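Q: Protein sequence lines correspond, in order, to chains A and B. Mapped onto numbering that gives the first Met the number 0, the consecutive letters of the first sequence carry residue numbers 0 to 248. Mapped onto numbering that gives the first Met the number 0, the consecutive letters of the second sequence carry residue numbers 0 to 435.
The set of hints was computed from the structure by calculation and includes no laboratory data. Keep in mind the model is a prediction, meaning the values are calculated, not measured. We treat Cβ as the ideally placed atom computed from N, Cα and C, and that holds for glycine. Fair warning: there could be bad hints in the mix.
With the C-beta cut set under 7 Å, the calculated list includes, among others, these residues of chain B facing chain A [to be verified]:
id: 1; residue: 8
id: 2; residue: 11
id: 3; residue: 38
id: 4; residue: 56
id: 5; residue: 62
id: 6; residue: 421
The lines below spell out each chain.
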Amino acid sequence: MSKTTVGLFGLTGCAGDQLVILNCEDQLLDLVNAIDIRDFLMASSANDEDCELDLALVEGAVLSKRDEEKLKRIRARSKALMAVGTCAVWGGIAALNPEVDRAKLLFEIYGSQGAQYDSLPPRSLREVVKVDLNLTGCPIEKGQFLSAVSSLLNGDPPIFPEYPVCTECRMLENNCLLIEKSQICCGPLTVAGCDARCPELGIPCVGCRGPVDEANFSSALAMFGEKGIPRERIAAKLRTFAPISGDHS
Amino acid sequence: MSTQIQIEHLARVEGHGGITVELDDGVVSMFRFDIFEGARLLEGLVRGRGYEDISPILSRICSICSVAHSLTSLKATENALGVKVTPQTELLRDLLYRGESIQSHALHLFCLAVPDYLDYPSVIALAADHLDAVKLGLRLKTLGNSIQETLGGRAVHPVNAIVGGFGKLPSVDSLVALRAALIQGVADCETTIKVLASLPVAEFCHTDTVFAALSSPGNHGYYAGDEIVVSSNGQRQSVRAADYRSLSNEKAVPGSHAKHSSFHGKPFMVGSLARLTTNTQGLTERARVALDDLGLRLPSDNPMDNNKAQAVELVHDVHSALAIVDRLLRDGIKEEGCVAVRPKAGTGTGVTEAPRGLLVHSYTYDDEGRIVAADVITPTAFNVASIENHFRSTVEQSASKDVPVLKKKLEMVARAYDPCISCSVHLLQRRPSVDV
Chain A
0 MSKTTVGLFG LTGCAGDQLV ILNCEDQLLD LVNAIDIRDF LMASSANDED
50 CELDLALVEG AVLSKRDEEK LKRIRARSKA LMAVGTCAVW GGIAALNPEV
100 DRAKLLFEIY GSQGAQYDSL PPRSLREVVK VDLNLTGCPI EKGQFLSAVS
150 SLLNGDPPIF PEYPVCTECR MLENNCLLIE KSQICCGPLT VAGCDARCPE
200 LGIPCVGCRG PVDEANFSSA LAMFGEKGIP RERIAAKLRT FAPISGDHS
Chain B
0 MSTQIQIEHL ARVEGHGGIT VELDDGVVSM FRFDIFEGAR LLEGLVRGRG
50 YEDISPILSR ICSICSVAHS LTSLKATENA LGVKVTPQTE LLRDLLYRGE
100 SIQSHALHLF CLAVPDYLDY PSVIALAADH LDAVKLGLRL KTLGNSIQET
150 LGGRAVHPVN AIVGGFGKLP SVDSLVALRA ALIQGVADCE TTIKVLASLP
200 VAEFCHTDTV FAALSSPGNH GYYAGDEIVV SSNGQRQSVR AADYRSLSNE
250 KAVPGSHAKH SSFHGKPFMV GSLARLTTNT QGLTERARVA LDDLGLRLPS
300 DNPMDNNKAQ AVELVHDVHS ALAIVDRLLR DGIKEEGCVA VRPKAGTGTG
350 VTEAPRGLLV HSYTYDDEGR IVAADVITPT AFNVASIENH FRSTVEQSAS
400 KDVPVLKKKL EMVARAYDPC ISCSVHLLQR RPSVDV
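Pulled out of the complex, with its shape left as it was, chain B reads as follows (with noise of 0.2 Å):
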């Protein structure tokens, strides 16, 4: 007997997606993560184009983690010209990248993800019942967009990061109005763990699972670093940034249509519990109790964890922000100006820690400083294998087979991951139906 499960339209995340997976006789004959977003190919549109509008345009990949494109996009541009920006500037664009993380995982554990294990259909109907979660998630989630907005001049498609540097430095009193909403930010960190300590449990699957992310050097952030770390079973491997295409040889897996990426053959989850298991050392201290907290112990074998690990980045980016806000009213603001380019033929690749993800951006240029290519991997291109793999082992490893509970398990799974399809730029789309 055959058994067809299937969501339409997947709700509550960013983009156009789908779930179908099949059953024969129980056993999962087809499990796929369907992608319905038009091919906008920017990649291609953007050829010819003169090295500063390259940002501007790729960042609008994507909405919530803009700041992740054009930051990324602006680190392969440097790479490729040979331009080496200032410290202050890497600490600033440093400070934007976790206002956006702050952003987004508010935005996800407290209008996408909680409302699921409470059972409400979103975070409107939530805000009837628990007016204070949500609050303190949109709180949260002013809070990022107030660092993105200090730093980037504008939340979404930020503006002021530029080749070389910022457009305008952030004043100090915009800064003293950071720390002050900071600091109230580091009180609602402490009822965030207590909210998402107190849900129910979710274990849909437990798997042996492949971490991919970006090294971070010293602190765990998302911006500096040129080196990729994939951690299998304990065992840990480098990749240089600009080698990031031996993790993404796309390959057909049986039972799916999506061209996967993997490592060695295994399908890897980049994200936030890939960033606690490969940079736990370099945590605050009070990120590092969050994990007990909420009984995160990694590695984790359970894909629902991922919404813990953002809970754990929200405070350890929150505590890190305003140690960044201090040393710089401490040690001052200095004008400095965007470090000059010369336009010369090159390549260059930028590879960062998305809210969601590893990213990144690969780019040549010509003399002139024109593109004449452009390659963007994005996170969730890089989780569809992981994320197909989870589908798998969540309708497998369910006592139940009726097609709602497993819907129910499959969308959440799903959402853990906290999916971007505008982002999925190399995806497929909805692909056509083959058997298996």
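With the rest of the complex left out, here is chain A (with noise of 0.2 Å):
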């Protein structure tokens, strides 16, 4: 049987995702061997730009229309796209703040040359094509990464936690950050994965994995305000990696 044909892309965004894959230093070497890697040019100047792939990993938002195309392109010539990293799933922290004027920061930041740059509101993946799976996280797990590769590898679909990042942080017997220290903490409301790393840290959570399903923003928002914490300040530390659900309604 022949080897699944993979891509590896990114598009604008900080790399991380892929260097989580190249950090994978111990599976590394057998990983490239048990599938054809054809097209990833962070890693090789050798990549197939046109052949048909069973499997596309594309990482970053989308913020031009470079990327926009470069997105299509990659979706019409894979079987099945996955999105990596935060930024793919949800837009990231370049969407942090979606009522922001962008010729304004355009303008601000680059002088009168940023009129002319090819900049578009950033998007997630699924805003602009078909995504099959969606792997989130700030940057991705490896454990995560790799188990959902060999998944799709042996023909099943790869399975995600779907409760928040509380519940690994119970797991682990910590304090509670938000109840007990009246932090900001966005674990009651961001996916779980990440083995509650920063609460783990004594640091409360900043939800760089984007929200849980079905969270439950308002119900959150009234416990942070029983805390005394300003709604707007609250709002905009749960809105940094990913939109929360009142920004759609």
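Assembly of the complex is requested from the two constituent chains, each provided in isolation within its own frame, with the hints serving as guidance.
A: Dropping the structure here:
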């Protein structure tokens, strides 16, 4: 049986998810032998940019026409497309303030040339093309990536957690930063999979993995409100990495 | 007759960029490093956020140097808010930064640069014939990542370094484990020097180069220091960190469409080679000998020597990290908690040495600790003028004007700078075509 053909691509972002893949040092050589990597610009200068792919892994958000066209070309040549990382899944930090006047910021940061830039408001991949799988995280977790890929190679759908960071944090028996220390911890609303990395270090969750399914934002806002934390501060925190449900209502 | 050399997608670098050089009757008429990275506008988007949010957001500018962005951000914020961290915090940050440098240099040398020297398209292809060298590189990369995980809580986008100190201090057990890995690392560095010394010579251009780096007090390091040294033909000049703008007064240059950073009108190079040139005295004994092992003479007029300089730093960092871990194990780690922060209005600048060179974050806060202005200048933004300058020299000094030959040379020169294009917050994107 021929090997699964794979392409790894980056749109606008920090390349952190591709770096996590390259950071799987102990599995990297086995991984590249198990699949047939055809297109991986960050790691190779010999790429087939046109062949059909069984699986495309795409990180980053769509922030330019160039990104949009590239993503559409990837979609057209791929049987399955997996959004990799919070930027690809939710838009990520570039989308942290949807109301911002981008033209004004382009001018302030880049001067008069800013107006000539190929710049679009940030979008996640699923706002542009059909996405088959979403692997979230800023950056993604090694273990989840490796298990998702091995599930796919075995023809099984990958399984991702459907519960919040709080569940993992409680299993580690940490003191609650929100209830006991009145800190803005995004754990109740954020999808698990990181082993409560930040609360485990005594640092409030910043929500970098994006929201858990059916996250109850209004109840969370009320709970934070009872702690005397101003609503706009909470809302800004909660939408740093992904839109909160109210953004689309 | 006009010839165009165009590399649409530069491979094996972080981010999206390309190279265009044009020749008219053998004379270089245009040379540029194109940036295709979408504008994320992060400096504008953070406005209004509280001081504790800034480092987690702005570390996301880049993944390979996320420790650098995170720690430079903390330095700027702490300077602005008048927070003085403890010597133990400084030492732990120094160690964390060395972890990143080891990870980044190992990744760049073995996975991105060495394949060029031996004519392979990728580290994957290289592994088929040189498995031991690839495994060596991956081991060193793992070592750097382990340091980042132990101190920073995560290899990419560290979470544990926060304003005023650390969330959780490393345990004795984790330091003992690091020590064992570092001892293996010391041996791996010896092999690395042998591998690097055996590579074919790469010399594509020779030009007088101006270098700029943070002046590192004591041991050659990346985090401490508040003074930038510019070295030109043996002359040294100092610039205070807070006056960083005098190094980045961007101006247009004929033949290129980038706005260029310059010092007294000259482009300058930042990164490993610049650091070694300005801070040679702080190197460990073994790193100093490694300079000779690799035949690296300073100051160098060959930008490809930045690869050798990274190998020397790799040796220096592994030895220095081991010394820091030994000191921490000997003296013990004190549970001292984070320094308390009292928000106040003010401006602060943090300058450090990212693996690719000088990195500046400068912030202004209001009296409630919310950020009103953020300015970030990355190593690749400083380097773009020098990169383009070396593109021009490479093409001018090449005996062969064959396009495939020139393409390979230009790609290797660009890669030697280890450009980080996601980082290029302040750079121009693909610039509109304008005739010279």
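Q: For each hint, tell me whether it holds in the structure or not.
A: So, going through the hints one by one against the coordinates:
no., hint, verdict
1, 8, "6 Å, holds"
2, 11, "6 Å, holds"
3, 38, "5 Å, holds"
4, 56, "6 Å, holds"
5, 62, "3 Å, holds"
6, 421, "5 Å, holds"
Going down the numbered hints, you'll see the structure goes against none, and every one checks out.
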